[in-house]
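These are the residues of each chain, in order.
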Amino acid sequence: MEIALQNITKDYGSVRANDHVTMRVVPGSIHGLLGENGAGKSTLMKILSGYTPKTDGEIRIDRGIVEYESPAHAAGLGIGMLYQDPLDFPLLSVLENFKLGQSSSDMTALRIRLTDLCRRFGFTLDPDAPLASLTIGERQQLEILRLLEKGIRTLILDEPTTGISGTQKAALFSALKQLADEGRSVILVSHKLEDVEALCDRVTVLRGGKGAGEMDSPFDPDQLMTLMFGTRPKPPPRSAEAPGGPVLNFTSIHARGGRTGLKSCSVLIRENEVVGLAGLEGSGQGVFLRTAAGLIPPLSGEIHLKGQPMKRQNHHGFKRKGVNFLPSGRLEEGLIPGLTLAEHSALQNGGGFWVRWPGAIADAARRITNFRIKGEPNLSVESLSGGNQQRLLLSFLSENPTLLLLENPTRGLDVESANWVWEHLHRFCAKGAAIVFASSELDEILAQADRVMVFFNGAVIKDVRTQETDLRELGLAIAGRA
Amino acid sequence: MIRNLAEILLSLMGVLLFTTLILLIAGAPPFAAYIHIFKGSLGSLNKLSHVLNAWIPLTLCSCGLLYTFRIGLWNIGVEGQVMMGAVFATAALRLGMGGEAPLFYLVLAFAAGIIGGGLWALLAGFLKTRGGVNEIFAGLGLNFVAQGIILWLIFGPWKRPGIASMSGTELFPINLWLPQFPGLRMSPVGLFLAIGAIAVTAMILRYTRIGLQLKAVGGNERAAFLLGLNPARNMLLAMIFAGGFAGLAGTLQVSGIYHRLIPAISSNYGYLALLVVMLSNYDIRIAPLVAFFFACLNVGSIQLPMMLQIDSSLSGVIQGILVLAVLGVQAWRARIKIGTQGVKGSPGGANP
Ligand SMILES: Nc1ncnc2c1ncn2[C@@H]1O[C@H](COP(=O)(O)OP(=O)(O)O)[C@@H](O)[C@H]1O
Ligand SMILES: [Mg+2]
Numbered sequence: 001m002e003i004a005l006q007n008i009t010k011d012y013g014s015v016r017a018n019d020h021v022t023m024r025v026v027p028g029s030i031h032g033l034l035g036e037n038g039a040g041k042s043t044l045m046k047i048l049s050g051y052t053p054k055t056d057g058e059i060r061i062d063r064g065i066v067e068y069e070s071p072a073h074a075a076g077l078g079i080g081m082l083y084q085d086p087l088d089f090p091l092l093s094v095l096e097n098f099k100l101g102q103s104s105s106d107m108t109a110l111r112i113r114l115t116d117l118c119r120r121f122g123f124t125l126d127p128d129a130p131l132a133s134l135t136i137g138e139r140q141q142l143e144i145l146r147l148l149e150k151g152i153r154t155l156i157l158d159e160p161t162t163g164i165s166g167t168q169k170a171a172l173f174s175a176l177k178q179l180a181d182e183g184r185s186v187i188l189v190s191h192k193l194e195d196v197e198a199l200c201d202r203v204t205v206l207r208g209g210k211g212a213g214e215m216d217s218p219f220d221p222d223q224l225m226t227l228m229f230g231t232r233p234k235p236p237p238r239s240a241e242a243p244g245g246p247v248l249n250f251t252s253i254h255a256r257g258g259r260t261g262l263k264s265c266s267v268l269i270r271e272n273e274v275v276g277l278a279g280l281e282g283s284g285q286g287v288f289l290r291t292a293a294g295l296i297p298p299l300s301g302e303i304h305l306k307g308q309p310m311k312r313q314n315h316h317g318f319k320r321k322g323v324n325f326l327p328s329g330r331l332e333e334g335l336i337p338g339l340t341l342a343e344h345s346a347l348q349n350g351g352g353f354w355v356r357w358p359g360a361i362a363d364a365a366r367r368i369t370n371f372r373i374k375g376e377p378n379l380s381v382e383s384l385s386g387g388n389q390q391r392l393l394l395s396f397l398s399e400n401p402t403l404l405l406l407e408n409p410t411r412g413l414d415v416e417s418a419n420w421v422w423e424h425l426h427r428f429c430a431k432g433a434a435i436v437f438a439s440s441e442l443d444e445i446l447a448q449a450d451r452v453m454v455f456f457n458g459a460v461i462k463d464v465r466t467q468e469t470d471l472r473e474l475g476l477a478i479a480g481r482a
Numbered sequence: 001m002i003r004n005l006a007e008i009l010l011s012l013m014g015v016l017l018f019t020t021l022i023l024l025i026a027g028a029p030p031f032a033a034y035i036h037i038f039k040g041s042l043g044s045l046n047k048l049s050h051v052l053n054a055w056i057p058l059t060l061c062s063c064g065l066l067y068t069f070r071i072g073l074w075n076i077g078v079e080g081q082v083m084m085g086a087v088f089a090t091a092a093l094r095l096g097m098g099g100e101a102p103l104f105y106l107v108l109a110f111a112a113g114i115i116g117g118g119l120w121a122l123l124a125g126f127l128k129t130r131g132g133v134n135e136i137f138a139g140l141g142l143n144f145v146a147q148g149i150i151l152w153l154i155f156g157p158w159k160r161p162g163i164a165s166m167s168g169t170e171l172f173p174i175n176l177w178l179p180q181f182p183g184l185r186m187s188p189v190g191l192f193l194a195i196g197a198i199a200v201t202a203m204i205l206r207y208t209r210i211g212l213q214l215k216a217v218g219g220n221e222r223a224a225f226l227l228g229l230n231p232a233r234n235m236l237l238a239m240i241f242a243g244g245f246a247g248l249a250g251t252l253q254v255s256g257i258y259h260r261l262i263p264a265i266s267s268n269y270g271y272l273a274l275l276v277v278m279l280s281n282y283d284i285r286i287a288p289l290v291a292f293f294f295a296c297l298n299v300g301s302i303q304l305p306m307m308l309q310i311d312s313s314l315s316g317v318i319q320g321i322l323v324l325a326v327l328g329v330q331a332w333r334a335r336i337k338i339g340t341q342g343v344k345g346s347p348g349g350a351n352p
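Chain order of the listed sequences is A and B. My numbering puts the first sequence at residues 1 to 482. My numbering puts the second sequence at residues 1 to 352.
The following block holds chain A by itself, in its conformation from the complex:
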């Protein structure tokens, strides 16, 4: 099917998420939609899939103008969208999930269809497994098969490569190529250049809600970067300070939490130091950060902050000593859904019986400017895109912290945003703060940290300066061979 979006505009209150965007998708092609966080990609695709109504513009399908009457309308025309957070039912089995929305309810026939489809695309899904036991990647595979069975002719995938393994990504890409060969169209939404380069025939780039340009493969990465960001971002300069006095001192700390807990951990972290925590997800990094933040009381061992013992102090006690913790779950732990930016500002600048709303709004506006957040003081935080939520959280770090504990500070941010975040963080170091951050990207640790601690099974099995190690050595340590 041929899809043409013409001059699509979408306003969320005073935020213009899409501004006269035009895009044409040729049948049987894989079309990329590229742009940094908040560029308006998800919004545009939600309009195409009938999930959100557009403010203005035209959708043409096979040359006819269509106006969706309901979300089901788009599905009926053969457009299916794979959302990043799967919409499936964890308590049902794989087969039962596959059945949802299908016209047939003959379980035996559906089972055969599912097995056939799996074979065709090289997926391995057990029809009787409970859905909850599947990985994100497998749930994605199931959702693709389910949409195909429903007879869709255009498949939209919103950031499908976030959170899946390398093998799953390869399986996904080969399946998508196969779909295109069969004459179906695929739209791949991503903020990652590499996804688009690996797969797409043509790409549309969005910047700030507007169409920035289109390009056919083979792509010139430099040119794509320019379309995405205007000018190419440079990696930020590294801090060159020598480590100063002690900030955080762990002596034989044991703590419970997560999958592994924290085992016999003794560490000294100094002023001006940037320490990266590496390891498989859930190997103790989270427990380390939360113990250092006073959120998890240690079972045994001692914590000293700037030389003072921190026995029986909760997070608020640590906070008063200048410890700041930034959790990775932005809307789960960091921000308060339902509250606006201004309300968050007001909570930050505590004190007094009355809330001074004009002051809070002005403060939120200042954060929006200083931290380049795309949003308004009176928008609620869940309507911000992920990158903007992260910027807002960063704006809440105190002015002169002693210790910053950051869990995946740049997860899901595009290159430019991540660079911007690090530039900002290094400024704290220059003022004498220490930074400890967990990241699943070794590249990021090597680029940003002075020192790296590798966690395996709840213990620190390697603690070195980043200059004295490399990717291969760290990779081995992560796998438990230090």
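Here are a few chain B residues that face chain A, going by a calculated C-beta distance under 10 Å: (1) Thr208; (2) Gly211; (3) Lys215; (4) Asn220.
Okay, the calculated beta carbon distance ranges per label pair: (5) B/Val323 <-> A/Lys306: 56 to 64 Å; (6) B/Val133 <-> A/Pro297: 21 to 29 Å; (7) B/Gly228 <-> A/Thr108: 56 to 64 Å; (8) A/Glu332 <-> B/Ala232: 16 to 24 Å; (9) A/Gln6 <-> B/Arg233: 49 to 57 Å; (10) A/Pro297 <-> B/Arg233: 14 to 22 Å; (11) A/Ser105 <-> B/Asn230: 50 to 58 Å; (12) A/Thr108 <-> B/Arg206: 58 to 66 Å; (13) B/Met97 <-> A/Ser398: 55 to 63 Å; (14) A/Thr108 <-> B/Phe144: 47 to 55 Å.
By construction, these hints were calculated from the structure, which means they are not laboratory data. Since this is a predicted model, take the numbers as computed values, not measurements. Backbone N, C-alpha and C fix where the C-beta goes; we use that ideal spot for every residue, glycine too.
Put chain B with the ligands on the given structure of chain A with help from the hints.
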């Protein structure tokens, strides 16, 4: 606000439709029934004063519940908090029986009532924050206990001289009654307090740090803690507000309406207030209006069974229908929210 109001009017119409259906099934003429309800509630100044007598405690309880709902607590215990307010107020007024300075004892009764309701709420709060007991179960349990205490007092320590009876404790001397409007069985004090409660609640929730903190903890307890708030303390604070307002309602029941403690002193106003607040979509500007509607329904239908020769258990059925209608409206609203905004649990959050 306008949209809210429209939704609420729509759901009230739904409630009316349901009741019509029930009345038809029961063989009563619905139109005549509504005329009776209307005349029975707004037909005369005297009837209106009865409606206001129901509206006052309903509104006070609703104001209190706005604090607990704001922080995400289901304060089912509000019913027991009304009762304990009444018990404490009665205790204070008994001290003043036959003595001098009635005004002093009346003021004391109000303070005691507020404290009684507040303490009872605080108990449920502590069970929640310290013991991890769900506030719904804690509240229900405490409601039974409060009812037990009232019965025990009426049949034991506070029984009438002579014989104890379900009609309650001995009447207070007239000088311990709240002053009434001339010719009406209604006190200006209650009206004044209810209007005051609306104003104070609106102000606290909207313009003070307390209101903002309650909202923050209700929205995300973990994040609120990381931002430096103390969730447990805020929960206790919300409970104290709710219990205090409920206790005030209980005090008015004792000192302004019944002039004694009776077993049914709370008249189910606490439970009804839960409905009022949910139906008004937790909006302080709308809750008093919905409370007024319920008060009219309550007062207007008292004589219905007698006038139309239908069984009096029917009003129980109607109350049940109201509960279901309110829950239905809630579910419907939640669905509309997901449909139009795509916020929580929606597929829209495809941002990394
Ligand atoms: N439901 C919403 N309400 C208000 N603003 C929104 C909503 N969804 C997205 N936005 C805003 O629209 C802009 C584009 O967001 P989005 O389409 O999610 O970007 P992308 O997917 O490219 O990261 C952002 O500034 C975001 O804050
Ligand atoms: Mg997106």
